[in-house]
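Novice: As given, the protein sequences belong to chains R and S, one line each in that order.
Quick note, our numbering runs 1 ahead of the 1-based positions in the first sequence.
Quick note, our numbering runs 1122 ahead of the 1-based positions in the second sequence.
Note that these hints are calculated values from the structure, not bench results.
Once the Cα atoms are required to be at most 25 Å apart in a straight line, the calculated SDA-like pairs of lysine to any residue come out as:
{"#": "1", "chain 1": "R", "residue 1": "Lys105", "chain 2": "S", "residue 2": "Ser1152"}
{"#": "2", "chain 1": "R", "residue 1": "Lys105", "chain 2": "S", "residue 2": "Met1144"}
{"#": "3", "chain 1": "R", "residue 1": "Lys174", "chain 2": "S", "residue 2": "Ser1137"}
{"#": "4", "chain 1": "S", "residue 1": "Lys1161", "chain 2": "R", "residue 2": "Thr76"}
{"#": "5", "chain 1": "R", "residue 1": "Lys174", "chain 2": "S", "residue 2": "Trp1141"}
{"#": "6", "chain 1": "R", "residue 1": "Lys103", "chain 2": "S", "residue 2": "Asp1153"}
{"#": "7", "chain 1": "S", "residue 1": "Lys1161", "chain 2": "R", "residue 2": "Ala70"}
{"#": "8", "chain 1": "R", "residue 1": "Lys183", "chain 2": "R", "residue 2": "Ser287"}
{"#": "9", "chain 1": "S", "residue 1": "Lys1161", "chain 2": "R", "residue 2": "Phe93"}
{"#": "10", "chain 1": "S", "residue 1": "Lys1248", "chain 2": "S", "residue 2": "Asp1269"}
{"#": "11", "chain 1": "R", "residue 1": "Lys103", "chain 2": "S", "residue 2": "Ser1137"}
{"#": "12", "chain 1": "R", "residue 1": "Lys103", "chain 2": "S", "residue 2": "Leu1155"}
{"#": "13", "chain 1": "S", "residue 1": "Lys1272", "chain 2": "S", "residue 2": "Val1235"}
{"#": "14", "chain 1": "R", "residue 1": "Lys105", "chain 2": "R", "residue 2": "Phe165"}
{"#": "15", "chain 1": "R", "residue 1": "Lys174", "chain 2": "S", "residue 2": "Ile1130"}
{"#": "16", "chain 1": "R", "residue 1": "Lys174", "chain 2": "S", "residue 2": "Val1138"}
{"#": "17", "chain 1": "R", "residue 1": "Lys174", "chain 2": "S", "residue 2": "Met1144"}
{"#": "18", "chain 1": "S", "residue 1": "Lys1161", "chain 2": "R", "residue 2": "Glu96"}
{"#": "19", "chain 1": "R", "residue 1": "Lys103", "chain 2": "R", "residue 2": "Gly180"}
{"#": "20", "chain 1": "S", "residue 1": "Lys1248", "chain 2": "S", "residue 2": "Asn1236"}
{"#": "21", "chain 1": "R", "residue 1": "Lys216", "chain 2": "S", "residue 2": "Ile1125"}
These figures come from a predicted structure and were not determined experimentally.
As a plain string of letters, each chain reads:
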Amino acid sequence: MASGNELPTMEEHIAHHLTNLTFGYHPETGLGFAMTSSEAAEMGFWAIHVDSMLWSIGLGILFILSFRAAARHVTAGVPGGWQNFVEWIMDFVDENVRGSFKHKNDMVAPLALTIFVWIFLLNLMDLVPVDLIPYLAYLAGIPYMKIVPTTDVNVTVGLALGVFILIIYYSLKIKGPVGFIKELTGIPFQTSITVIKPIFWVINFVLETINLIAKPISLALRLFGNLYAAEMIFILIGVMYSAGLVLGLVGGVLHVGWAIFHILVVPLQAFIFMVLTVVYIDMAYSEDH
Amino acid sequence: MNINLTIIGQLLAFSVFVWFTMRFVWPPLSDALETRRRKIAEGLAAAERGQNEQRLAEERAKEVIKQAKQQAAEIIAAAQKRSNDMVEESKTTAREEGDRIKEAAHADIEQEVNRAREQLRKQLAKLVVQGAEQILAKEIDAKTHGDLLKNLAKRL
Chain R
2 MASGNELPTM
12 EEHIAHHLTN
22 LTFGYHPETG
32 LGFAMTSSEA
42 AEMGFWAIHV
52 DSMLWSIGLG
62 ILFILSFRAA
72 ARHVTAGVPG
82 GWQNFVEWIM
92 DFVDENVRGS
102 FKHKNDMVAP
112 LALTIFVWIF
122 LLNLMDLVPV
132 DLIPYLAYLA
142 GIPYMKIVPT
152 TDVNVTVGLA
162 LGVFILIIYY
172 SLKIKGPVGF
182 IKELTGIPFQ
192 TSITVIKPIF
202 WVINFVLETI
212 NLIAKPISLA
222 LRLFGNLYAA
232 EMIFILIGVM
242 YSAGLVLGLV
252 GGVLHVGWAI
262 FHILVVPLQA
272 FIFMVLTVVY
282 IDMAYSEDH
Chain S
1123 MNINLTIIGQ
1133 LLAFSVFVWF
1143 TMRFVWPPLS
1153 DALETRRRKI
1163 AEGLAAAERG
1173 QNEQRLAEER
1183 AKEVIKQAKQ
1193 QAAEIIAAAQ
1203 KRSNDMVEES
1213 KTTAREEGDR
1223 IKEAAHADIE
1233 QEVNRAREQL
1243 RKQLAKLVVQ
1253 GAEQILAKEI
1263 DAKTHGDLLK
1273 NLAKRL
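Just chain S, with the same shape it has in the complex:
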């Protein structure tokens, strides 16, 4: 066990190794570890944010769907109401139209009846005059009694 210069040699070698490690080994590795740590932290934060956003989006989507459903229901209700109205309206229109047609028909019929009656009256008057002419023959002058017969025919 001799104490000798080896101590100094070791001391120098030790210093050089520590210096080298401090200068060239530790900092790059340490930086890399730090960078990775930060990256992982950022990744985790981003994932967290993403999840949050997804949750918000889901909520928003739910809200939108709910609104859409509501709107659809409103539209359907309005359409139903409208169709009911239209049916009612057309019913009313049809009824009115029908009434009008009926009235026109009535008027036509009345006219026809009047016309027929007029014709009948004329024919009857002619027949009556003819009959009377035959019955009365000569005693009755057609010209003198013509006015009388015409009056009679009018009254029929």
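The following block holds chain R by itself, in its conformation from the complex:
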């Protein structure tokens, strides 16, 4: 850290918590990890958040391997404990998918399952005490370590981008390029007067494009905003621990309260992301809005 051996100030402490471990090419120091947040910013687009990637991929692998274990030993008879748990989640996801998605598609349910469980695990990292792993990493010589990938806007945007690509893909596949363009230009304003039609097309196109782009952006920012704010509050509560006994105790109580509240937020945000994804793909399928 920049301040060397001195204890970091509160601002530094918070900034430390909000900076990802960034690997990229810096114009001055060359290829390597950014040691300060300004260095990370200067690396520009061609840098990568190693901590976000490692934690999210690690949790993703945990998800697919543990679920694959249930799938490999699956039995139609009496299920074991883990299979039972996996089936419970599958049933939950499947019920929601069938509730909002009325078409035939073998990808939507697995997609929804992946989104739900993966985002749930990513969010769950928020319940790990905020200072614990970054401090251990700091001791190990790693300058930054954000362990909640969903508090990194890149992660949520990456997920939403995947959903956005699917929306476009299915819109084109189901309606065809012409149908998709018709949908983008034909509504909401309609007229029978030939002269005004092109004007309406332009207006409609602008509105519908905004509508279309708003979908992934709202997905990404909702998840990011919720988790980022929650993480922020955990960090601020964490700061209270270093501010004397009384504030420390208050902080402890607040920490427990916020963590309990957060138990609700973690699955809720994963669920919202999943349901909206399914709804958006259903909208891409249906001819009329």
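Based on these hints, arrange chain S on the given structure of chain R.
Specialist: Same frame as chain R, but now just chain S:
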């Protein structure tokens, strides 16, 4: 908040996870759930069928029992009738037999009586002849009056 390559990395990781789930996780589990659902449905249907069959069997059994009871009653009635008939028949036979025996006895008795009468007559004739012989002594010739006495004895 730097927007950077992480987006692309996430997108790729996301795609791989979704692909993996779609290929290796969802289908086997989904199949198992479906198989179990079908098994349960079959089991329930079989149970339903079994109950139905049991009910039918019970009804059939009731029917059979009813028929058996009826048959038994008929058989008992027939047997009773038959035994009554037999009793009547044997009564009649016995009566007839008795009559016949009685008649035979009567005939025997008659014969005996006749025989006794014949004997008595003969003895009486002898006695009468002897008496007459003694009474009449010499005056009456046994040879001349023999026919007369014989006639008399016959008439007795």
